[in-house]
Amino acid sequence: MAVQQLPDTLINQIAAGEVVERPASVVKELVENAIDAGAKRVEIATAGGGKSLIRVSDDGSGMSPEDLALAVRRHCTSKLGGGLNDIRTLGFRGEALPSIGSVAKLKIVSREPGAESGYEVRVDGGAGGEPRPAPANPGTMVEVRDLFFATPARLKFMKGERAESGAITEVIRRMAIAFPHVRFVLSGPDRMTTEFSTAARPIDRISQVLGREFADNAIEIEAVREDVQLSGHVGVPTYNRANSLNQYAFVNGRPVQDKQIMSALRAAYSDRIPRGRFPVAVLMIELDPALVDVNVHPAKADVRFRDPGLVRGLIIGAIRQALEREGDRASTSGTTGMLSALRPQGAAPAYRPANVSYRPPANWSQEASPYRPQNTEVPFGFAEPVQPGFIDAEIPSARAEDIPPQTAAPQASHPLGAARAQVHENYIVSQTQDGLVIVDQHAAHERLVFEKLKGAMSGGRLPSQMLLLPEIVDLPEEDCDRLAEKAADFEQLGLGIERFGPGAIAVRETPALLGEVDVPSLVRDLADEIAEWGDAAGLRDRLESVASTMACHGSVRSGRLLKPEEMNALLRQMEATPGSGQCNHGRPTYITLSLADIERLFARR
Amino acid sequence: MKITIERAALQRALTAAGRVIESRNTLPILANVLLRSETGTLSIHATDLDIEAVAKVACEGEDGSACVDAKLLTGIVAKAGGSEITLELVNGSVIIKSGRSKFKLGTLPIEDFPQLSDATFDAEFDMDIAAAFAPVRFAISNEEARYYLKGVFFHAKDGKFAAVATDGHRLAESTGEIDAEFAGVIVPRKLCEMLPAGNVSIAVSSTRIRLTTAALVLTSKLIDGTYPDYIRVIPTSNDKIVTVDKAAMTAAADRVSTIATERGAAVKLSIAPGQIAFSKAADGNTADDEIAAEYTGEPVDIGFNSKYLHEMFAVLPSGPIDIHVNDGMSPALVTSPAVEGWRGVLMPVRVS
Ligand SMILES: Nc1ncnc2c1ncn2[C@@H]1O[C@H](COP(=O)(O)OP(=O)(O)O)[C@@H](O)[C@H]1O
Ligand SMILES: [Mg+2]
Numbered sequence: 001m002a003v004q005q006l007p008d009t010l011i012n013q014i015a016a017g018e019v020v021e022r023p024a025s026v027v028k029e030l031v032e033n034a035i036d037a038g039a040k041r042v043e044i045a046t047a048g049g050g051k052s053l054i055r056v057s058d059d060g061s062g063m064s065p066e067d068l069a070l071a072v073r074r075h076c077t078s079k080l081g082g083g084l085n086d087i088r089t090l091g092f093r094g095e096a097l098p099s100i101g102s103v104a105k106l107k108i109v110s111r112e113p114g115a116e117s118g119y120e121v122r123v124d125g126g127a128g129g130e131p132r133p134a135p136a137n138p139g140t141m142v143e144v145r146d147l148f149f150a151t152p153a154r155l156k157f158m159k160g161e162r163a164e165s166g167a168i169t170e171v172i173r174r175m176a177i178a179f180p181h182v183r184f185v186l187s188g189p190d191r192m193t194t195e196f197s198t199a200a201r202p203i204d205r206i207s208q209v210l211g212r213e214f215a216d217n218a219i220e221i222e223a224v225r226e227d228v229q230l231s232g233h234v235g236v237p238t239y240n241r242a243n244s245l246n247q248y249a250f251v252n253g254r255p256v257q258d259k260q261i262m263s264a265l266r267a268a269y270s271d272r273i274p275r276g277r278f279p280v281a282v283l284m285i286e287l288d289p290a291l292v293d294v295n296v297h298p299a300k301a302d303v304r305f306r307d308p309g310l311v312r313g314l315i316i317g318a319i320r321q322a323l324e325r326e327g328d329r330a331s332t333s334g335t336t337g338m339l340s341a342l343r344p345q346g347a348a349p350a351y352r353p354a355n356v357s358y359r360p361p362a363n364w365s366q367e368a369s370p371y372r373p374q375n376t377e378v379p380f381g382f383a384e385p386v387q388p389g390f391i392d393a394e395i396p397s398a399r400a401e402d403i404p405p406q407t408a409a410p411q412a413s414h415p416l417g418a419a420r421a422q423v424h425e426n427y428i429v430s431q432t433q434d435g436l437v438i439v440d441q442h443a444a445h446e447r448l449v450f451e452k453l454k455g456a457m458s459g460g461r462l463p464s465q466m467l468l469l470p471e472i473v474d475l476p477e478e479d480c481d482r483l484a485e486k487a488a489d490f491e492q493l494g495l496g497i498e499r500f501g502p503g504a505i506a507v508r509e510t511p512a513l514l515g516e517v518d519v520p521s522l523v524r525d526l527a528d529e530i531a532e533w534g535d536a537a538g539l540r541d542r543l544e545s546v547a548s549t550m551a552c553h554g555s556v557r558s559g560r561l562l563k564p565e566e567m568n569a570l571l572r573q574m575e576a577t578p579g580s581g582q583c584n585h586g587r588p589t590y591i592t593l594s595l596a597d598i599e600r601l602f603a604r605r
Numbered sequence: 001m002k003i004t005i006e007r008a009a010l011q012r013a014l015t016a017a018g019r020v021i022e023s024r025n026t027l028p029i030l031a032n033v034l035l036r037s038e039t040g041t042l043s044i045h046a047t048d049l050d051i052e053a054v055a056k057v058a059c060e061g062e063d064g065s066a067c068v069d070a071k072l073l074t075g076i077v078a079k080a081g082g083s084e085i086t087l088e089l090v091n092g093s094v095i096i097k098s099g100r101s102k103f104k105l106g107t108l109p110i111e112d113f114p115q116l117s118d119a120t121f122d123a124e125f126d127m128d129i130a131a132a133f134a135p136v137r138f139a140i141s142n143e144e145a146r147y148y149l150k151g152v153f154f155h156a157k158d159g160k161f162a163a164v165a166t167d168g169h170r171l172a173e174s175t176g177e178i179d180a181e182f183a184g185v186i187v188p189r190k191l192c193e194m195l196p197a198g199n200v201s202i203a204v205s206s207t208r209i210r211l212t213t214a215a216l217v218l219t220s221k222l223i224d225g226t227y228p229d230y231i232r233v234i235p236t237s238n239d240k241i242v243t244v245d246k247a248a249m250t251a252a253a254d255r256v257s258t259i260a261t262e263r264g265a266a267v268k269l270s271i272a273p274g275q276i277a278f279s280k281a282a283d284g285n286t287a288d289d290e291i292a293a294e295y296t297g298e299p300v301d302i303g304f305n306s307k308y309l310h311e312m313f314a315v316l317p318s319g320p321i322d323i324h325v326n327d328g329m330s331p332a333l334v335t336s337p338a339v340e341g342w343r344g345v346l347m348p349v350r351v352s
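As you go down the protein sequences, you meet chains A and B in turn. Last residue of the first sequence: number 605 in the UniProt record's numbering, and the count goes up by one each step with no gaps. Last residue of the second sequence: number 352 in the UniProt record's numbering, and the count goes up by one each step with no gaps.
Not one of these hints is a red herring.
Below, simulated EDC-like cross-link-like pairs (lysine to aspartate or glutamate); rule was C-alpha separation at most 20 Å, straight line:
(1) Lys160/B - Glu340/B
(2) Lys563/A - Glu193/B
(3) Lys307/B - Glu566/A
(4) Lys563/A - Glu516/A
(5) Lys40/A - Asp59/A
(6) Lys563/A - Glu143/B
(7) Lys563/A - Glu22/B
(8) Lys246/B - Asp288/B
Each pair of labels, with its calculated beta carbon distance range:
(9) Asn285/B - Ile591/A: 27 to 37 Å
(10) Ala292/B - Gly460/A: 25 to 35 Å
(11) Phe602/A - Thr226/B: 56 to 66 Å
(12) Ile472/A - Gly159/B: 28 to 38 Å
(13) Phe602/A - Ala215/B: 44 to 54 Å
(14) Ile234/B - Lys259/A: 53 to 63 Å
(15) Gly106/B - Asp597/A: 36 to 46 Å
(16) Ala488/A - Thr226/B: 26 to 36 Å
(17) Met192/A - Ser201/B: 53 to 63 Å
(18) Ser201/B - Gly460/A: 55 to 65 Å
(19) Ser78/A - Arg232/B: 53 to 63 Å
The set of hints was computed from the structure by calculation and includes no laboratory data. Computed from a predicted structure; not experimentally measured. Here a beta-carbon is modelled for each residue, glycine too, at the ideal position from N, C-alpha and C.
For reference, chain B alone in the conformation it holds in the complex:
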């Protein structure tokens, strides 16, 4: 292998692929990237055994492949002086030249580089998956024991897709149009956090998902588990609808939470025509606040975890937000007139 590549393009590709690599690895090969040049394209492979990233960049020169340490190579490319970089495989080492600098890196056998098997996919389509997943990611569970909640549940039927996340305390669903149909899959958190922005080509099977852009292909295993029947828990007949201003609501909830330090700090909302009163008691201290709200129904009291409230409101644009409640003991539905196809569910906290 002996190739020349534009430095900035190589740096971008290395960064894109390198995001898959975990910062500490017991398998040394996983700290490496596999470089493979073939007819004018250099592909850079990186993997953590669950997700495989392949970034592509144009190059000139002889075909060949080598496995080198990802961090070192990325560092060298980032600091190199010249606008071009040459990579050459000589006697089991990769020689990197740029401007007047020269580096020699050891390699690992390319056969040792783990490769995801080819898979057949059941559905292929294009969509802006990053935008669809962004407003639900916050609700992904962290609880190891419920591994099947540690990702976004993604399914498509009758021209509509839904992306859902829940940790059992709150839930968020984002839906939209799609030109495909596939049974539900659970996309692991790590992939959800590195989705390429904008429209990407997606292929899904029951065990894999693949995202393809011009510069990057990400293939990931899916979480093997049964996602709970979440539709059941989304309330449909909550008829007390209160409309609040996002900024006013979050600020008030934050203000009264000041007096509590612990997690799960519950705030009590007393919803009455024209207003919501906030109250909080902790360690013998109390806090009260009030905001204006559009509401005409019966007064109702409901408690929420202020962190959950905050995180859910954070994914919505500023302006009005509708909270649909039934009573203080059943799930509340959150919608935003500005975001079609999104809904959130918050389970109340019972406060005395």
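Looking at chain A on its own, in the form it has when it is part of the complex:
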């Protein structure tokens, strides 16, 4: 066949292959257009996961009939006035609307705010495109029906309705964070309605999207290096998640998924977050459009910085600095968190000799500074003045003299020995016949609970403790979907959950084995975990990892004072449990020091 110029429709369909990969990319393009048009309100409706219908309405500038005719034609844009070096809009390629029009049934109704009447244009699989008068509200309404009907090959590659509608939600969440002043409403028969009302400050919108909890656990960052400006909010290291879904980056307001930025984020937390856990972050980078190339891929989600090293350094530096500033309180849990909260800002957490006079926080003598601790794993009030509170902060670790004599003698039948003391609220020091054992109480207990759960699971439904007051856990809708879908499996494990409105899960029963647990954080970790697996995996195949997540929550936290009997009971249980020498993460649960080792240390041998 001879070389020939392709017809427009085919060209557009080829372009569509990249621009509109799936329904979520259509939504992204349309919402970008609405925002570029200065909209303050954007309403999105979908049906069938966006495959049967996507409708985006805005109250933006609208289009004249002439613009309308051009807008659906290839390479027509109103946005490249400053050339590719000065892109200040989300769109610039002029190919979204024609691409969509070539693979779906597209209808645009638009009216300029001052105009007498509105106009409508329709494109069906590339055909049509003549505007004619039509009733319309000021602004623009774009309707896309039967996406990919014109390219059946692509249609086959679409995921299930749920997955596609979830991806659309994700697009809107990103846009919502980037544009706090714009009101977004996402609705449709395939989903529950999500509304992000106009937010005064970026953090307010972030709370709407990521939940109040993130806001409570976030540190604000703000830094400038040369002409690049970084702002945003990053979670304290202890507020970490099991996947990287909650990491958001924006360049000049454009949501991007950029490997360099994510890698810098990871580096900033590298020694503060355990491996396999991910920080939660919202990073906004602003710089001269000439210093960044957004024209890397038609989907516009990749960027290339003129000076990547500068951006990386800026991100790492700003986050580290923020964590250092706040992180001392933030990253330590419970006890130590409380202790440092009692210190004035900036004071080193060093030991103070008893005779040095020391002033308590100034707010002490003022009116009511009420008690309100937060979750142990969470820092104590960031921006607020430090606040004293109740906590078992000063309990000593148990001492040898507390141990009843009958249990004190190490016996040959007890390889892990007799507990002598608990030090640093997490380590049990025990004396064996020929040395010392140091046990990490949290790791050890976690392992025991894990083994118990695993054992019990093979024997049918696990006993569950019913709750007097159901716990309502607020979660993003997709997480609720995922959890609710697996509710029956969880019930087998003793966790009784049910949907509670669009953005919450009610927990009515918890596995009795876990005792009193922090239900919200257990549920959130489970949601993260399921999100990691994707659609395919069944809970049954993942029992072990679920058991391990649950075990972690049901375990004696480090930092809890143990009674001598409890310490000895833990040692005895460890002796009776195969595999208890390693925690679920593969770290040792105890170490031994033989008398010979000790003598060697003291050069007696």
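Mind docking chain B with the ligands on chain A? Use the hints.
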């Protein structure tokens, strides 16, 4: 300051105030007591920044004040030979003399000693708060995340008070007459564990509670949180009432629990006319037991965490206890004919 005090009285006062002091402190001042003598009374102040204790003891001598290490002073007073003790502030040190012993302790500046601000209280009344709180304390939550459950919820209305504790798995409420009215407050666990016995004068505001006896004043901050609407979860129409003997019931539950080591060991109760059968299965082992019980209704099976059962029964006097159940899936109500104004709620454990 130069004062003489009866040794035994001083020791009592130091012990009473000293219970507030945490055993390890990063703020050295918090390991100290503030001694202040004024017109024949020595007041001893101790605080952990949340609770302030002021113990009073009669003394003779010159007024003055000083801040000294609480543990050292208590130790010295406990071991001193004489029946009287003299405390004297000389050049920034406190000289302690008793019999032929003499000690010199360093001091910290008294201005550094943290002092709770004066507060205005909304209600004042007298009651035996220790007795009212004792049978509910066991149900206080330990879960850091639900800080508002880490205390006893205390409120008074229409001549009745209620003290409530719950950890979400069980609940206990104790009620009684009171000559006051105040909106609910949450009294932190630590204070609940050091309530002075007998009748005390109490003052409450929305942020503070103050307990006053002749020898001791305890002022504590309250937990700032919203207590759940607990009345909702107390069952009122459980019509299957089984009456058991406390000792027999606890013993049987303990016996069958022997085979389980883990927490949350559930025991299954099969309630039938005239008896309750206990059963438990764990790790391939089983245990069964039976006790006599007064019951005439339909048979019903219900599982409980044996530890919860044990702890709840422990606060009740020996003799008969009534368990009101509906079915194996809804909360059970526990009452004792001997204890008016007390009720407990136990959430069942679902066992297969
Ligand atoms: N919602 C809208 N409101 C006003 N104008 C719009 C809207 N959507 C599209 N347009 C106009 O149509 C043009 C083409 O849109 P599009 O194909 O997405 O390309 P691009 O956004 O890259 O310019 C835009 O440049 C803009 O002028
Ligand atoms: Mg566009």
